[in-house]
Every structure is written in C-alpha cells, then in structure tokens.
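Spelled out, the chains give:
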Amino acid sequence: MSSVPLSHPGRTVEWHLPSKHRVGMTALIVGESAIFTIFVVAYVFYMGKSLSGPTPEQVLEVPILATICLLSSSLTILRAEKAIEDDRMRNFTAWLGATIALAAVFLTGTALEWKKLIYQDGLTVSTNLFGTTFYSLVGLHATHVVVGLFLLTSVFIFSLFGWVDSRQRERFGVIAMYWHFVDAVWIVVFTVVYLIGR
Amino acid sequence: MSVYSLPVSQIDPSTSASERGTFLERLHGWVVTVDHKRLGILYILYSTFFLLVAGAEALIIRVQLANPYNHVLSAQVYNRFFTMHGTTMVFLVGMPFLFGFANYIVPLQIGARDMAFPRLNAFSFWLTAFGGFLLYYSFLGGAGLYGVGNAPDVGWFAYAPLTERSFSPGHATDYWALALIVSGFGTLGTAINIIATIVSRRCKGMTLMRMPLFTWLLLVVSMLTLVTITPLTAAQFMLLIDRYLGGHFFDTQAGGSSLIWIHFFWIFGHPEVYVLVLPAFAIANEIIPVFCRKAIFGYPAMVAASICIMFVSVSVWAHHMFTVGMTSVSNAFFTLSTMLVGVPTGIKIFNWIATLWGGRIRFTTPMLFCIGFLFQFLLAGLTGIMLSVSPWDWQLHNSYFVIAHFHYVLVGAVVFCIFAGIYYWYPKATGRLMNETLGKWHFCLFTIGFHITFDTMHFLGLLGMPRSIYTYQPDRGWNFLNLVVSVGGLIQGIAVLIFAYNFIVCYWRGEVAGDDPWDAWTLEWTTSSPPPVYNFEEEPEVHSRRPLWDLKHPGDPDWEYES
Chain A
1 MSSVPLSHPG RTVEWHLPSK HRVGMTALIV GESAIFTIFV VAYVFYMGKS LSGPTPEQVL
61 EVPILATICL LSSSLTILRA EKAIEDDRMR NFTAWLGATI ALAAVFLTGT ALEWKKLIYQ
121 DGLTVSTNLF GTTFYSLVGL HATHVVVGLF LLTSVFIFSL FGWVDSRQRE RFGVIAMYWH
181 FVDAVWIVVF TVVYLIGR
Chain B
199 MSVYSLPVSQ IDPSTSASER GTFLERLHGW VVTVDHKRLG ILYILYSTFF LLVAGAEALI
259 IRVQLANPYN HVLSAQVYNR FFTMHGTTMV FLVGMPFLFG FANYIVPLQI GARDMAFPRL
319 NAFSFWLTAF GGFLLYYSFL GGAGLYGVGN APDVGWFAYA PLTERSFSPG HATDYWALAL
379 IVSGFGTLGT AINIIATIVS RRCKGMTLMR MPLFTWLLLV VSMLTLVTIT PLTAAQFMLL
439 IDRYLGGHFF DTQAGGSSLI WIHFFWIFGH PEVYVLVLPA FAIANEIIPV FCRKAIFGYP
499 AMVAASICIM FVSVSVWAHH MFTVGMTSVS NAFFTLSTML VGVPTGIKIF NWIATLWGGR
559 IRFTTPMLFC IGFLFQFLLA GLTGIMLSVS PWDWQLHNSY FVIAHFHYVL VGAVVFCIFA
619 GIYYWYPKAT GRLMNETLGK WHFCLFTIGF HITFDTMHFL GLLGMPRSIY TYQPDRGWNF
679 LNLVVSVGGL IQGIAVLIFA YNFIVCYWRG EVAGDDPWDA WTLEWTTSSP PPVYNFEEEP
739 EVHSRRPLWD LKHPGDPDWE YES
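Chains as they are written, first to last, in the numbering used here: chain A, 1 to 198; chain B, 199 to 761.
Careful, some of the hints might be misleading.
Unchecked claim - If the Cβ cut is set under 7 angstroms, some of the chain B residues that face chain A in the computed set are:
1. V397
2. S398
3. K402
4. L406
5. T428
6. P429
7. A432
8. I439
9. L443
10. G445
11. F447
12. G453
13. I458
14. I460
What the hints contain is simulated information worked out from the structure, not anything from laboratory work.
Backbone N, C-alpha and C fix where the C-beta goes; we use that ideal spot for every residue, glycine too.
Pulled out of the complex, with its shape left as it was, chain B reads as follows:
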C-alpha cells in the first residue's frame, strides 16, 4: 500500500472559543440548523440516547426472567416494558440511526452541498424527536383522568381488539398511536428528501451505476419506506377513529375484524425489517471493501439484489400469520415468497465473501463488526428459512425461537453494522478517531454477550418457552437457560457502556484523524474532517465508482475498467 497524502485541508479546523460563541448561541445554532451534517449528528445522538434507554428496559426484563417466580416487575409493568422496548428499538433507535447515517453521508458521497430540501429535513428530524418524547411522556401522562394504565402495554404490534377502548381504557394506547403517527410523518419526510437528493443532487459524472453502494441502498430503502410506513399510519388513524369517534374498524362486537389489523400491521411490519436491514447492508458495503483493499465484488449484482429484495419484501408479510388459520394456498404462497428472499440475500453474502477473498484484510474495529455481521446475518437468515416453513412455524410461533431469530437480525446484523458505521465515520464527523483498544473490547464483549444471549434463546424456544410471559414455573426446565440469557444480556450492557464511554471521551481525547484516516475511496473522504458547512469548495466531478482511487492512482484509474 503506497503512502499517500491528499492536498486537502489547508485551514486549521480548530477555532478559538470567541469565534464559536457562547454556549447559548451554539445551542441555538444546533436547534435552528438546516445543515444535513448537524441534523445527521442530532439523529445519531437522539437514537444513541434511546438505545441506552431501551437497552436498560431489556436488561430489566432479563432480570425479571432470570429466575422463576421473580418479583422485580409485576405482570402489568412487564407488559409495558416489552412494549416500550420493542417500539423504542424499532422506531426511535433503528430508523433514526439509519436516517442519521443517510443524512450525514449521502450528500457527501454524491458530492452535493446539502439535502434537496434542507428545511424539510430539519422539520422531519424534529417531528421524529417529538414523536419519541411523546411516547415516553406516556409514563407520566398516560394515566389521564381515569388513573389506569400508563405506558402502552399492548405489544409493539398492538393487536386488535385489545387496543379498543373497552380493553385498553385510559390514554396509553393513544400515546402509542399518536407518537408513531408523528414520527411516521417525520420518516416519510426524510424518505422523500433522500430520494429527491439522490435523484436530483448528484455531482457531475455520478451516473446511477457509479453511485457508491451506500447511496444506492439508501435510495432503495427510502423508496421502500414510502410504501412501508404509510400503511401503519393509515391503520393507526383507523385505530384512533375507533377509539375517539366510536368507529368499528377493529371492533369485533360490531362486525369488525381483528384479523385485518394483523394484516395491516404486518404489511408495514415485514418490509420494515428490510427498511432496517438494508441500511446495515449499505454500511457493510462501504466498510468491507475499504478494509480488504479491494473494490466490491459484483457491484451490479449488489444493486440488482437490493432492488429485488425491495420488491419481494412487500409480498411476504403473512408469514407472521401462519397460525391465524389461512388457506393452504396462502400458506404455500407466503412460504415460497419468504424463501425467495433468501436468493438475493444469498447473492449479497456471496459477494461480500468474494470481496474478502484474497483481500489484504485490516482487522480494525469497524471491520470486526462487519465480519461479525456477516456470520450472524447468515445464521439469522437460516433460522428465517426454517420459520418460513409454515408447519415449523405452527410449532414455534410466538416462542423464544422467533424472538431469537429476529434479534439475530436486528442485533446481530443491524446493531453490529450501526456500531461499525459509527466507528468508521466518527473521525469524519468529529475529526478524531475512536480508541481502537476500547473498540476491540467493545467488539469482543458485545459479540460474546450476544451469542450467550441469543444462541441460548433458540433452545428456550425449542423447549417451548412462549414470548411475552412475565414469569414461569420452576419445573419447566427453563431455569438455567434463562439465567444464561440474562447473564449474556448483562455482558452486552457492559460492552455498550464501554462504547458510550469511548464515544464521549474520544470527542475530546481521541487521536486526530486527518481527512482520510482509512485510505478510503468515496467522496466524503475528500473534504476535511469535520467537513465545512458547504461540504466541497468546488463541485466535484467523478468518472468511476471510486473517485478517490482515481485521484490517488492517476496512472491506474478505475474508469479504464468500468464499462
């Protein structure tokens, strides 16, 4: 590898305290900002905060379940905790994290000055933030005038008719619906913004087939988000019509159907999984090639597979519903369509492995997390195939096997890639590297804790432990395994605390990164770290998928090989 220095930044980014203004002025600057980089950072901080909150909820749940007949949480409070844990992790952690990355990275990668609609961008963020705090305000405000309930306790899927007025009095369920409607509009705004940015704001020469894969996948995700989040918003409006105007959409007493809620929810809920996991793929697509010192293998196949996943993912939702009693034709259809998802995802996994093959791999923290992701995502996919077989699902539906499967996807793939992305782009956003030693401790502890927890959960599921129970009898044979799961959760908690310490302290004490610490190839590494408000001094022009490679190797540019 040749030592190469870029003639990038001539201005010292450190400014004196008087130039930065007083604390209040700076705070005001952050609140009114429309800069995509600042909004991206706000998204990340917001979702990191809720990651810690929902993680703490998970730990309390695991303390309750560590022993049979435990009395840490009552049954009612337990229901609130798993509802809030699920809702928070999906809507206030997963999506804001990924949109935070998109906000920060996409305009830089396509050589744009900002997002297409900067004010809409700020509006979307504050809507999302308001939705999150509205949801958590239910702990205080949910009791309403009746003194019943407080936080929502209907599960993150909020199955009807339990959500109707007669079964969920008070305001807890309303907080759930309203908070998600509000943050849903924020999500819709961001998705529109990302699409418009990628379609209309690319720099000269960046044709669709020269876009970095991160940007490509975010375009796909945003298009999927448009048709994913909106059905949930519609169904939640119906729920509010039922609860406030006396409607009968899900009121089984008046001929309404609880089944149609399940359909509507999973028409949202399953594509949502891909909305969360495709950005994780996107992050891996950036990190794996850079740390293998090779161009990504099979770029067009990666793009095609992503688009394929987008289309297939909207036709698989009823595999969450095999036990409601569908016709055998529906069961067969949804079994087969679910298995079909394995084809494009398999293509992706093979492409990543082929990228690793023969590469000069650098085992830095981001790369370690990506390798963990590859391994765990494969296993998660395999249990997914098992669950797509409807008779198998009849046996294991709503058991800990299912919980283990989707935590393998959401933690093993999504959270691992989020961590990888943070370690990878932290130097770009702050100008300082995160500590590698602490990073490796974080990786090791988190991976060990992850496997102790979620591998064991598979066995609990096979032994018949159902989800959403607040305690169990000691003679079931689940005692030891539950204790193991809880200990694993604790180890993950310690790992995340190490991460949080690293994340905060390195902002001041981290090693100064320079503009291109990883010797990477996409446009975001051509600006200074952190980038100036205007991103690029002059509009870049690209001729291949790796513009920085071309710049660093003028004698051997990529465009000579790309068709």
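Just chain A, with the same shape it has in the complex:
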C-alpha cells in the first residue's frame, strides 16, 4: 500500500531521539508538580487563618528521622541504578531492598505522626483549616510514596526471582525518576509545613 519511497539516496542523516519512557515520565512529573503547587499554595494561603486550635506550633514535631530516611533513599536508588547498568544484579537487589526499607520507615513515621495528631491532639481533616490543608498536602505526598513503594516492591520481588537484568535498566530508570521526584517534593513539603509553617 504505502510504498512511497520518501528517502533520497545520498542524503543520510544521523538520527537519535530521546527515550519515549523518559519523555513520558518527565511530562507526568511536570503535571504532578502543578497538582502539588496548588496544594502547597493552598497550605501557604491558609497558614495562620484557622479560627480554632490546635495550631501547628502546638502539635507538630519536625520529623527529622523520616526526612533523613526518605532523602537517603534517593542515594540508595541511585546506587541501584548504577548496579543495574553494570549488570551487578545481587548488588541491585540489595540497594533496592535498602530503598524500600527507608521508604517504609518514612511511611511508618507519617503513620505514627498522624496517630498522635488524631488521638492525642484531636486534629482531623474537619477540625480547622490547618487540619484540612495539613492532611491533604502531607497525605497527597504520602499517597505518592505509597505508589512509588508499590512500584519498587514489584521490581524487588521480580529481582528476587531473578527476572530482572540490565535489559530493564531503562524501565527501572523511569521508576527512579519518579522516586527522585517524590523525594524532591518532600523537600518542598517539609520546608513549607515544618519549617515555615510552624
């Protein structure tokens, strides 16, 4: 059917295009950033505008351990990326496991924090504006951590069965991009909620 020879002999060109997976993930990250921006703006806009307590100063504690864990998970996943590129699969599984463990510590930290806020301080989504904006913003980020954790754990299980090798490095690289994004967002959320807003 479509047999038009659209090539002109003698005029060959070098032709390299970016990976579609990386481009797609970059686009997704841009879109997600806009969602986070709106939630961050709402948080900043409503800072100190609650009509009743409790206020952030009274109840929030800076989650230093959780933050250290989440940020260092960016480093461990970087090592995992290096390992899969060099086809050192045992190494890869180990670093991936470390990443998952660090993320799990972070999520546990959030869970304990929320438990304290709800049962001890009586702060829920409907208590006041602080509660509404705090749980939405931190919850939105935690949701992204859960999604990332699901992706990482899937790869981890596959690699335990030996189904992952360096042929999958690009796909894993895309998951790593997402994970770095989740970490970077935490820096913003941490700064706004625990440093500026407290």
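Guided by the hints, dock chain B onto chain A, whose structure is given.
Just chain B now, kept in the frame of chain A:
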C-alpha cells in the same frame, strides 16, 4: 498546477463482508483497539455526539430566553442546562475533538507507526468517555437519597461556596467534580502520550524545525495541558475533601476562602481557552497553505508565536476576576499581560493573511471555514482587548458582552476550525469526500446563524443584560434582540443538522477520494485512504517541511530553500 498521480496504493481497500467479520466481531475490534486511527475516530464520534447534545441544550436555553417571562424551563432546570451546556462543550466536545484530531493526524504527519504508548492511549480515551457518561448520568443518579437536585446547577465554573454541602445538597455537584476528575486524568494521559510521540517517534530527518505546524502546535498544546488540567483536578479534589471529609478549603464559615477557588479555577480556566484555540490554529495552519497553493508564510515566527502564547497564557487568569476587588497593581498587571497575548496572536493573523496574499485560493468547504475563522477570530481578539481593560470589564463583567466574546472565540474560531478539519481529513479517514454542495450550505447557514446570534449578543451586553438569568422583564428593551439571538441559534442548529447528515451519508455515498484529494504536502497524504493499520510500508525519510512537495517536484525540492 500540474496533474500528478502518486504511485501509492496498489491494494483495493474494499474488502469483502466475510473478511470484515460479523457485527459483534467488528464491535469488539473497536472496543479493544489500541490503533491511534481508530481511537482518533472514536474521539471524534464521541465529541460529535456531545456536540449535538450540548447544542440542543443551548437551543432550549434560547427558546426559554426568546420572550420575556417565558415558561419553557423553570429557574432550577435553567441553571442545570447552562451548567451542563458549558461543561459539556468545554470538556466533552472541545478537548476530545482536538485530541481526536491529534490522535489521528500526529503519528501520520511525523511518519510514525502509532502513538508512543498505544495502550495508554486507549486507556485515556475510555477514561474520557467514562467521565462524559458519568456527568450525564447525573440526570438520573444525581437525586441520590435526598430527592433534591439532579444535574449539576452550579455553573461550569462552580464558584465556591455555592458548591459546599450546605448550599448544594445531594450528589449533583459530586457528579460534576468526579466526572471532570476522571476525564481530566484521561486528558493528562493523552497529553503525555502526544508529547512522547512527537519527541520520540519522529521519522528520520524530521527535525523540530521540519515538523508540520499542526504537529508543532499540538506539542505546545500538550505541554500547556500538563500544567492546565492538573490545577483543576487538584481544586476538585479539595472540593471533594470539603464535601465528603468535612474539610474547610472553601468553607467561608470556618475561615475558608471562596476567592481562592476562583483563582484556582481560572488558573485552569484561562489557559484552557488556549488549549482549545491552539489546535484550531493548528488546523488552520494545515488547511490555509494547501488551499492557497503556497508554503505557510513565516514558519519560524508561527512556531515562536505559539510558544510565546503558551508562556503568556499562564499569567493572565485574573482578568476573569477584575470585579472581585484586587489591588490596583494586580489589575494593572493582568490588564497588561492580557494585552500582551495580542502580540503573538497578531503575528499569527498577519502570517495567515500573508499566506493568502497572492495565493491561488481554492474556495472549498474547509478553506471557507478557515476564512470565516480568520475574520471571526480577529473580532474575538478585539473584544478580548476591550475586556482586558479593567474599568471596561467592571462595567461589562458577567454581561452578555462577555458571553458574546467567548462564544466568538469558542464557536467562531474553535468550532469553525473543527468543521474545517473534519471536511479536510474526512477523506483520509474514510476514503470518501464529503459532499461539497451540502458543505457550502452548512458553511453559509452556520456563518449567517453565528453572526445573527453572537453579534447581537454584544449589544444585549451593552444594554446591560446579565448572564445566567432564566428570564427578564418585558420593559427592559431586550425583547427584540433576544428573539433575534434565538432565531440565529435555530439557523445554526439547522446548519449542524445538515453537517450531521453529510457526515453520516457520505460514509457510504461520498465520492471516492483517493489518497491525496487536496494535492497536499504533508506525510499523512502519502498513505492510502484510509491508511493501513501499520500506516507506512517503510519508514519515510524527510528532508524539508513539505515532503510530498519534494516528491511531486523532484526538480524543485523545498530543501534547497530551507536553511
């Protein structure tokens, strides 16, 4: 113009009934398809259906407003109708139409086999479709257990705090938010897909500055969509948190702000206008040069202007909010940034006129619609400049002048270009041309009806008629003009019915088109009509912006002139 035949299709596209399978098999094939061409057609059919639905809603609104103290619709039902009309036209007609075109045309124009992520493409379409039907299910399901409300009645902008539980009980507003969140994710998926396709799936030799302008503008639109649709999704999540979890984002009783909803909505809402109108430009960019027999004038300027519009459009949203009482600095900023949009759009209009200038123009139906578009878009831009001046806007905000202005953009520019695009690419998708005589009737009636309706609306606005009122007193001096507006709407309705008849009947009875009925220059016209599943037998390689021109004129190829 030289008569030229392309050595394209040797296979007869008509297959026997036994090869096509039973009706159920074919239906199954359409439901599970991941082929970008079939999904593109599904998008177009889906949005054509909703165009007729929302058009009918508009006509019923106009019947209600034709005379003072009319009783066709009650006040409550009227509110539901204008909410559904607006929401449907923007989310279920405008965007799916444009993404349908993008789906069908972009991979063909860049010489690709399919979109970058075919399954994501199918998923996005079905999400969008589900969102649309969920929204319309509210007519049945919105009443919920309480027996109040049914379809959403909060306006397509859904201003807070009217959307809070205490003011909008029942589920109508939830249907509005959930349906748009779902279709919003579909839109996001499609935008990601188009970007990845254009960046990573171009055929050999198609550098960025050799891409057809349609593809260029769709890339710009998709990038804009990424940061446009997501703020609305975020704000709608906040609304649902308010409504279901007892949050206070927009709850003015607990210190929440209704103003921030207006900001969030228009941070989405204004760039959305450009998301709708840039693909219209894209269609005009393809059609005008082909029917003038000239290359587009100022290709790099067109690209630069589009990118410029993308950046400027995200900094103008508060010109929808001059009357909420902002500081004079904000008023000045948003007035000036809005006027700034006039510069790149002006560049585009001059480029189109320069393309027309000295061309050998063929007045076929697609070209007629594009010329109508040029004229109307200019006028729409001029009233836009008027409204960007904040004192003028204080006077005319929420009047029919504003309604007339944005319908000039959305109908006069976007819908005209959508019609142009359908007439232009219909032969590619079906293998048959649409009827020219009926097409010209459609164009004439639609243009006349359009001007009767929307030109008159400007005057109603200047006479002080506000938007969103379900009736008015007979002593206001609006009676005759309202009747005129309604009659114009009826003429447009008849024109669209002619179009629908033409669209359906020509699928079987239309003149057989051949592969390249318009003697065009971009890659989609090198394959057969309709294209085979795999698009191109061998991967094309291009050396200029008009690969088919090079092929048809080997002695005078474009690449010798392009830097």
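Exercise for the section: For the hint on B:I458, just tell me whether its beta-carbon gets within less than 7 angstroms of chain A. Expected result: 6 angstroms, holds
Exercise for the section: Would you check whether B:F447 satisfies its interface hint, that is, whether its CB is within less than 7 angstroms of any CB in chain A? Expected result: Interface hint status for B:F447: holds (6 angstroms vs cutoff 7 angstroms).
Practice task
Double-check B:S398 for me: the hint is only fine if its C-beta lies closer than 7 angstroms to a C-beta in chain A.
Solution key: This interface hint holds because 4 angstroms falls under the 7 angstroms limit.
Exercise for the section: Tell me if B:I460 is really an interface residue toward chain A, meaning its C-beta lies closer than 7 angstroms to one of theirs. Expected result: Not OK, violated: B:I460 not within 7 angstroms of chain A, min 13 angstroms.
Problem - Agreement of hint B:A432 with chain A interface, Cβ distance less than 7 angstroms - result: 4 angstroms, holds
Practice task
Double-check B:T428 for me: the hint is only fine if its C-beta lies closer than 7 angstroms to a C-beta in chain A.
Solution key: 4 angstroms, holds
Practice task
Could you check if B:K402 really has its C-beta closer than 7 angstroms to a C-beta on chain A?
Solution key: 5 angstroms, holds
Exercise for the section: Return the status of the interface hint for B:P429: holds when the least beta-carbon distance to chain A is below 7 angstroms, violated otherwise. Expected result: Since chain A brings a Cβ to about 5 angstroms from B:P429, closer than 7 angstroms, the hint holds.
Handout entry: B:G445 as chain A interface residue, shortest Cβ-Cβ below 7 angstroms
Key = 4 angstroms, holds
Handout entry: Minimum beta-carbon distance criterion (7 angstroms), B:L406 to chain A
Key = 11 angstroms, violated
Practice task
With a cut-off of 7 angstroms on the beta carbons, see whether B:V397 makes it to chain A.
Solution key: 5 angstroms, holds
Exercise for the section: Verify the interface restraint on B:I439: the C-beta must sit less than 7 angstroms from at least one C-beta of chain A. Expected result: 6 angstroms, holds
The structure fails hints 4 and 14 (numbered hints given earlier, in ascending order).
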